[in-house]
Amino acid sequence: GESVGLHLPTLSVQEGDNSIINCAYSNSASDYFIWYKQESGKGPQFIIDIRSNMDKRQGQRVTVLLNKTVKHLSLQIAATQPGDSAVYFCALNSGAGSYQLTFGKGTKLSVIP
Amino acid sequence: GAVVSQHPSWVICKSGTSVKIECRSLDFQATTMFWYRQFPKQSLMLMATSNEGSKATYEQGVEKDKFLINHASLTLSTLTVTSAHPEDSSFYICSASSSGSEETQYFGPGTRLLVL
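Chains as they are written, first to last, in this note's numbering: chain A, 28 to 140; chain B, 6 to 121.
The reader is advised that the hints may include incorrect statements.
Unchecked claim - Among chain A residues calculated to face chain B with C-beta under 8 Å, some are:
#1 ALA51
#2 TYR59
#3 GLY70
As the list claims (entries may be wrong) - Under 7 Å between C-beta atoms, here's a sample of chain A residues computed to sit facing chain B:
#4 PRO71
#5 LYS95
#6 LYS98
#7 ALA123
#8 TYR126
#9 PHE130
In case anyone wonders, no lab produced these hints; they're calculated from the structure.
Beta carbons are placed, not taken as given, at the ideal position from N, Cα and C, and that holds for glycine.
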């Protein structure tokens with residue numbers, strides 16, 4: 028079955044430092060990847076997405092990197108702020124044309140003021 | 006843009022009663038809506054996929070007679086937990102995607118259900 032995992036279940040970062048959250052996946056047919064942020068008691072919030080024809084995409088303070096060769100996805104957050112504290116999930120589809128997402132286990136990011 | 010709401014945000018009910026949760030896309034038409042369940046400190050588990058005007062597709066292990074889903078319009082889907090039991094207590098989250106951008110799901114704020 029599909030396996031979507033995260034290398035680090037918890038991550039503590041000093042305010043102002045950069046954060047890197049990693050995600051490994053097993054389905055080579057996946058062609059769409061998303062990062063979500065979930066604060067306690069709330070629904071996931073879309074952060075950034077990337078398609079398999081790209082290896083890097085940047086947003087505001089966030090960058091997603093995709094390495095299809097080793098099936099690895101990462102989210103980089105620049106100048107991490109206390110408001111970035113949350114659980115981050117990677118999610119991916121099962122293949123071209125598939126709209127269902129499989130979610131990773133999540134990484135809890137704690138920002139130390 | 007892409008705002009999804011859920012109602013209620015939390016509900017407490019007695020065992021044996023039914024609970025209806027609404028999911029609305031506020032500023033776009035949702036051709037597809039998804040219902041997830043999330044236990045504490047765990048990831049999201051897809052329960053079912055719902056397309057407007059057609060029957061929902063349930064994931065393996067999800068009882069369709071227990072979790073009734075209706076997607077009557079392009080902006081509203083409902084999940085009814087029938088004859089709720091304490092083991093149904095969970096955080097239920099819906100998401101919606103729009104035509105032309107079906108891959109990107111936008112999530113509602115979730116509904117916390119506690120069955121006594």
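Results for each hint:
Hint status for A/ALA51 relative to chain B: violated, with the closest Cβ pair at about 14 Å, above 8 Å. Among the interface hints, the one on A/TYR59 holds; its C-beta lies about 5 Å from the nearest C-beta in chain B, closer than the 8 Å criterion. Proximity of A/GLY70 to chain B holds as hinted, the smallest CB-CB distance being about 4 Å (cut-off 8 Å). Taking 7 Å as the C-beta cut-off, the interface hint given for A/PRO71 holds, the closest approach to chain B being about 5 Å.
Below 7 Å, beta-carbon pairs count as interface contacts, and A/LYS95 has none with chain B, the closest being about 17 Å; its hint is therefore violated. At about 18 Å, the closest approach between the beta carbon of A/LYS98 and any beta carbon in chain B exceeds 7 Å, and the interface hint on this residue is violated. Among the interface hints, the one on A/ALA123 is violated; its C-beta lies about 10 Å from the nearest C-beta in chain B, farther than the 7 Å criterion. For the restraint placing A/TYR126 at the interface with chain B, the shortest Cβ-Cβ distance is roughly 5 Å, inside the 7 Å limit, so the hint holds.
Hint status for A/PHE130: holds, given a least beta-carbon distance of 5 Å to chain B, under 7 Å.
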